[in-house]
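S.K.: Here is how the chains run, residue by residue.
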Amino acid sequence: MLQLTGQSLTTLPVTGLTKVKDLERHDGPLLSHFRSDRGSDYLYYWCDCDAKLARWMVLRVEEQDILRLIERDRTLDEVIPSACLDDVAYFVDVYNQRQTITMVALADIPREYRPGNEFVDVPDEALAGELALFINPKNDPGRVLGLPRIFFQVYAIIYAVFIDAPKKYTQIPWQHSFGGKRFYDWVQDRIADGYKPGLEAFEFSSPGFARFSLSREVGDLVVRLMENLENKARIIGSRYGRLERLVARFEKAKGDRGKEIENALPSATTDLMQVAGLGDGTALSHAASPYEGAKLALSFVRRMRKLRKFETDGFVTFPQSFLGDDQ
Amino acid sequence: MSKWKYAKSLGDHDDCPPKSLRKVNMAAYRFVGNPIAEGHFLPTAHVPGARQPGDVLRCTDYSLSMFNDKAKALAALTRLLTKYRQIANRMGSWIGKLHIREDDGEASKPSRSGHFEFFEYEGCNLQSRTKLAQEVIVADDDGDEA
Chain A
1 MLQLTGQSLT TLPVTGLTKV KDLERHDGPL LSHFRSDRGS DYLYYWCDCD
51 AKLARWMVLR VEEQDILRLI ERDRTLDEVI PSACLDDVAY FVDVYNQRQT
101 ITMVALADIP REYRPGNEFV DVPDEALAGE LALFINPKND PGRVLGLPRI
151 FFQVYAIIYA VFIDAPKKYT QIPWQHSFGG KRFYDWVQDR IADGYKPGLE
201 AFEFSSPGFA RFSLSREVGD LVVRLMENLE NKARIIGSRY GRLERLVARF
251 EKAKGDRGKE IENALPSATT DLMQVAGLGD GTALSHAASP YEGAKLALSF
301 VRRMRKLRKF ETDGFVTFPQ SFLGDDQ
Chain B
1001 MSKWKYAKSL GDHDDCPPKS LRKVNMAAYR FVGNPIAEGH FLPTAHVPGA
1051 RQPGDVLRCT DYSLSMFNDK AKALAALTRL LTKYRQIANR MGSWIGKLHI
1101 REDDGEASKP SRSGHFEFFE YEGCNLQSRT KLAQEVIVAD DDGDEA
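Heads up: the protein sequence lines correspond to chains A and B, in order. Under our numbering, the letters of the first sequence match residues 1 to 327, in that order. Under our numbering, the letters of the second sequence match residues 1001 to 1146, in that order.
Some hints here could point you the wrong way.
[To be verified] Selected chain A positions facing chain B (in silico; Cβ < 10 Å):
#1 His-26
#2 Cys-49
#3 Ala-51
#4 Trp-56
#5 Phe-119
Derived by calculation from the structure, the hints in this document are not laboratory data. Note that beta-carbon positions come from the ideal geometry of N, C-alpha and C, so glycine has one too.
Using the sequences and the accompanying hints, generate a full structural model.
M.R.: Right, dumping it as structure tokens:
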């Protein structure tokens, strides 16, 4: 065990530390998030051991840094120890039921106890039920305030397509001359308990974050489809444009010509849904008509693009951690 | 008599070991030191200081972490040695290879990274059948061996 240069303490000068979750495990925890009874966030980082005792580094950090570790926005060396909010870290040597504490200035932390440049491999249980998006309001804070609403709409779309598959769509905006809000409120109201998303925290700073409670499975799908929108932007744009033109022609056509165009709508709708990652189009098989199915598909993709634009305009960063990637 | 190696402790937890476990007959890989010692095959619950003060035991603290693929085990150990520079003191810096038989115990379903948990049966001795396969050496930031 390395010699530490610091001051011995009789106890850790933090009260009521309880574990929130393990952020990395292999044959036991290696990195864990703890919270004090005053609501401060701490990391317990495994750093050394011998035959009898183990040594942990304890440091106070911002919640945002923990979220960035979880979502692979920061590597471990970018947080430990540089993101420590204090000028010192605490080393806890644990043996049997006893422990000794040493307070060490950050500059005196041995090199061997500083992590290298790697992301944390977060277990699925640490990801489940939550997802964080990282925001940068820059000079347009009003724009970022709209992020949760659009995120919830896209989440509801993904839920509807992959999990709910409604037998009938109602509150269709273009039928009753009201805006899309009522339709998307209807889609969101259908989300079952256990999948319902909520906004748990919104730190409105630069940088900041929005932390959602949700089904991580659905949340991951939202993020993956944002990647898909970027990777297949050209073909999605082409199929969107084709379907949009077909719909416009259908709206103007009469009689047999209208029927002819209507017959072409389902395949164009399926083409768009498939390339946008929204399944094979069967989610819209219960639409009241091919026209309704086409309009819904266009609306879904427009909402997804709106969410994606937050990232391309530099207001949001989506996470890189996904369920099933754990050790 | 229970078939499990740590039966008494397993009984303190719900659904432990999980009913989803399966018997396996396969090559497996575990992080070990050189020479391979009994301590490299102790579950977390029996490793001093392996959990933080005040942490509670869980069912998987009585299992052994393994991998079903050598390349995945190498990748995982390389990442661990990078993030926790002294981790070789705890779990070694070698990949050990062994063959798990159906009468050794039961395994969880591997994750995408190849990792799975292995719960041993009473009398199982994996240490004696494990061979060193490959050492992992991670250079530190200066390019020197860590």
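S.K.: Run through the hints listed earlier and report the numbers of any the structure violates, in increasing order.
M.R.: none
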